[in-house]
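**Q** Mind docking chain S with the ligands on chain Y? Use the hints.
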Amino acid sequence: MTIDCKHIRNFCIIAHIDHGKSTLADRLIEATGTVQKRELKEQMLDDMELERQRGITIKARAVRMEYECQGETYELNLIDTPGHVDFHYEVSRSLMCCEGALLLVDAFQGVEAQTVANAFAAMDARLTILPVINKIDLKHARVDEVTAEMEHTLAIDPGEVLKVSAKAGLGVRELLDAIVQRVPAPTGDPEATLQAMVFDSHYDDYRGAIIYVRLMNGKVEKGDKIRLISTATTHEVLELGQFVPHQRPCDSLQAGQVGYLICNIKSLDLVNVGDTVTIPGDRGAAALSGFKIPKRMVYCGLYPSDGQDFEELRDALEKLHINDPSFEFEPETSEALGFGFRCGFLGLLHMEIVQQRLEQESDVDLVQTAPNVTYEVLTREGRLMEIHRPQEVPDSGAIEEFRQPIVRVSLIMPSESIGTVMKLCNDRRGVQQSIEHLSPTRAMLVYDLPLAEVIYDLHDKLKSATRGYGTMDYDLIGYSPADLVRMDILVNGNRVDALSIICDRRDADRRGRAIVKKLKSEIERHMFEVAVQAAIGSRIIARETVPAMRKNVTAKCYGGDITRKRKLWAKQREGKKRMKSIGQVDIPQKAFLAVLETGDEKA
Amino acid sequence: MIRGEAEVRRNSDAQPAAARSAYIHVPFCRHRCGYCNFTLIANRGDLVGNYLRALEQELSWLESPRTIDTLFIGGGTPTQLEPAELARLLEIVSRWFPAAAGAEISLEANPSDISSEKLRVLRDQGVNRLSLGVQSFDAAKLKFLERDHDARIVRRNAQRALESGFILAIDLIFGVPEETPSIWRRDLEAALQLQPQHLSTYGLTWEKGTSFWSRRMRGELIPMGEEAEASCYELAIDQLVEAGLQHYEVSNFARPTFACRHNQAYWNGRPYFAAGPGATRFVGGRRETNHRSVTTYLHRVLAGHSPAFESEQLGAEDAARERMVFGLRQIEGIERHRFHLETGFSLEYLGGAALETFVAHRLLQWQEQYLRLTRAGLLVSDSIWGHFLRR
Ligand SMILES: Nc1nc2c(ncn2[C@@H]2O[C@H](COP(=O)(O)OP(=O)(O)O)[C@@H](O)[C@H]2O)c(=O)[nH]1
Ligand code: SF4
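Chains as they are written, first to last, in our numbering: chain Y, 1 to 603; chain S, 1 to 391.
If we strip away everything but chain S, and leave its shape as in the complex, we get:
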């Protein structure tokens, strides 16, 4: 069933919803890890004051406070900030983004930065979810990743966070050169032992511009092979699901009701505000990204100029296509009627002949009214998406 655009468009509800999510980027780290290409400035704690002023300035351009259901403070390393700075940050942010009842307020934390004092500040300011950048429990792997913590610190601080009432989310990385399946299995086990509500497993990605990338180009680093990476990934899925977590997105697992609502907002095409260097907002169908250079961001904002650096207005069809792709990256898949109703396009129309082929090859499947990835499709899903997107 393939319908023309004209026909399906009638079903569209054209009113863009108001944004109920916000992202704040905190661009500070002690050191830039070899694989990291995030927006940040390493070892420049001296800029925090300016940053807080700029952030306040940028947020003031919202003109009125916006109540939100999810807030995510990421980085960089927000926990790099001193307790007083952290308190100031949260105070500014909550002034402009007051939380609705039951809101999910997440903050990214570096295991070695956590102190009882900082935890108290966070709690007091309403943060209720800590996303802990654990990456591994293996000393050699952590060293390779250039991280400054060890398994002991992780255990102690994860414990503390849980005891203080935070929802605990743990990030792990796999696919590091020379990593063996048993190292990865032990990482998964160690993470499960901490009983987090949420777990993300990320395959190491090689990004242009990072030192890992240049070392790889020079032949000094050899990525884990495709086969081994696939096994690690499958191992994670099997082991975590076995332990009672739900696999709800390509790399995300959670106990029932603990899926990250903030990320789901991204993936479901909902609008969101954002502030801070390199941060991306999606408001009124327009996606806009702030300048990625921290110093440029600071200069511009403090001089009263918009920090926006690039932007694109998504047409209805492109927005629908994106939603299809990011919807399918969620394991539950997409409910066809709801999708049609909300985007104005049918999955069949957007998927075209390619969709039929993928279904025939059992990479995607229809289950009741849901279109979803099969396990085989999940593993190679990046090769699927290009067929559904336009440049």
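The shape of chain Y in the complex, shown without the other chains:
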């Protein structure tokens, strides 16, 4: 069965977290009869456990629906996009697969940081925007004000705004009709050479990679040979089909359609989001523009707390990597922590997700070092180095320029918090780009800030400065030179490599003091005094001392006690072995995160 492009609509929903994207998706799936109501797990599209826990959509998903409008049957493909900034690149690829976007805004919350970021991304991708206000059933819905906010910030025509309640099912038909009427049909040519965009993938233990594609041109059938351009590999299509929302095989897919391909590919490494699928040989279609290998912006060390578990950790990382090639890992050794891995992530959330999965899926007890961003160093000899961990920083004499990643952050908050938020950004060496009043009560600030400052605690600080009402989003804009230094931590005179950090020279004293203070509170008293120092080069900038323990001696020990006492003492020692011992000082695992301490007065 072939389908004409004019009967296809491809769209996505973009929204700030909690504005109702998942609920609306469920309603659409239900209203089109794709899935019977009782089959509907709550929030169909968010099917990963972790996403559920965190209430966010991490990875794109897709679903095909059928809808009848004025006597014609349409194929509607909803492509879900991740909402979080760590996955900007994935979002941009998903947007390329759509002709329209539902811009969903909560009738009470109004326009938020992610609304703005995602709306601009969709406009940049030249999608037709369908503005939708959700939750109109709410008692405190402020539909008119929110409409005005959308008009002010995003230049939305108030006349185009659709009003729905995803929860109550209000306005859903009208929305579906509007999708058919307003979203343009795709424009591909089914007769042209195959050209399809990979917008997502996942790994199935039995069938290998499941490749999510949108066909731009041409068609693909079962048994066809296809080529993935970025990896220059050729594969045979064993199965293809669409998501309804489970995988339903079909015979062919053609220009304008969205579906999946299964080619017995045993590693997701070969399946890059943004890649182009075409035919083998030199008559294939051109690569679609915009493909890139996403850059890992945040790195941390992961070590088994018991050195014996190194191989087990490697296996666990490899297994996770199969499903998520966007994080990378390579073995590293630390004097303090032994053998482990340096892992790179798209962002902080991505790091947390990978760690949580590791913990859930393997028994290895982990020690994590504090995350750091990727820096660049231009050496005196003119060589450009990428720095993934503080130990890689060369001697200050060898550095021509030390650069750090800068992000443009948009922050939206109640107007009365502007002052506090500005101070927050200024304290973190932000450079203000703009300030805009969205409505009489809400404002948007745009700042350029070092990514390092953003990942540590900006989000938490923003939330507390705005009593939870502030939201933020950011986008990497590039690298710029800064006065950065490596600060080392010494424990009883021994440098603990895993505790070194890179920071702005002007912050070094404050952070050094905060870190040694934190470490002092984390390190138990020992039989001897423990000195904790922060140093830049050979200069000590802060010091704290953990006093020696005063008394630990069991009084009585008669004959019957000997076995019991021996076991007790040996066991206590065993307990300490789970800590990392550096020059006879036992350092608890969570102390390795002490370097996140920023030393803000109001902590």
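Keep in mind that the hints are not guaranteed to be accurate.
Straight-line C-alpha distance at most 25 Å; calculated DSS-like pairs for lysine-lysine [said to hold, decoys possible]:
1) 556/Y / 208/S
2) 143/S / 556/Y
3) 571/Y / 208/S
To be clear, the hints were calculated from the coordinates, so they are not data collected in a lab.
**A** Chain S with the ligands in isolation, oriented as in the chain Y frame:
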């Protein structure tokens, strides 16, 4: 100098020595004190008859009498027994454990149980050392510890014991909540006034399963702080040494030649026999503990079954490690050559890198051929031992 096991093992003299010490456990008390987790049954004097029969039964399994150099009859409260029962106990015990000439025969006594009659029984049966559970002279502290005597009773009975020719050993406890340094100082002074040959000072320990423990968990009892406890402990050491006693083990002090030989046998890894509920013996490298429930013990023994409940065979290295630790708890320390000769292991081998660190941090020190704790090491010694032991 760290040597491999294979090399050092050659020096081992493999013949286990015969046991020359014995311990008898008497599991009766009038009331269980709030901090006590010893094997005992409170307020069940009616079981004494059965107990004596069981003890006799258990000892009969030795098959032949064993001559001993030290005997320790502990509890519980052995002096809870009536004079006739006490006489019977001692008669049974001395039948199976005849004393060698000059033997040390100790018995634990509760100050308020002592009568001239009981003292006479003890003397007649060869007991020559009384270990008096004084704990304190302070009325409030004694009450807190749930003890039934007072300072006056202690003074009178200590006097009597000395006059009857017993070697007098006094136990004191410190580190009781709300105790002040001056209460403790007065306890030490009062004890010294009685002129005992031996004094033990025990920091109050909080044992799981005791009523003190649960009260502490509920926040009703707050232990004395670490700093205060340390001061009390140091105060005891200074004051007792000043008074001419030798500090010879973590919590033990004695006039010259009056160190408790029985306890030294434990600490020096010597073998010992034992009988009674919860009692532990160490014979032929095997450490064996009797059932801790008094009634189970009685049932088993009277039915002709072994009361042993748990046991472990110590390998040569584990035995040496233990000896190292309990040797170091003795203030004099360990003489390296003798240790090597007797255990087959060198201290350096057993101590490894940890030993070097402790020496570097001045927690342990070498003096001539002796390895011993420093004062700083003594105070935190429990944190040291785990490094020398294996589970
Ligand atoms: N009152 C009301 N609540 C809604 C509506 N749509 C979604 N919600 C609620 O808003 C919360 C967030 O919805 P969800 O679909 O998970 O948001 P997402 O994070 O954008 O996917 C949930 O508690 C929903 O039940 C609506 O139309 N009305
Ligand atoms: S008298 Fe001694 S053995 Fe008896 S309960 Fe009190 S502390 Fe325990």
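**Q** Next pair to validate is residue 143/S with residue 556/Y; report whether the Cα-Cα distance is within 25 Å.
**A** holds, 22 Å
**Q** Residue 571/Y and residue 208/S were given as a pair; does the straight-line alpha-carbon distance stay at or below 25 Å?
**A** The given pair, whose Cα atoms are some 16 Å apart, holds under the 25 Å limit.
**Q** Would you check the hint for residue 556/Y and residue 208/S, treating anything up to 25 Å between C-alpha atoms as holding?
**A** holds, 16 Å
Violated hints for the displayed structure: none, as all numbered hints are satisfied.
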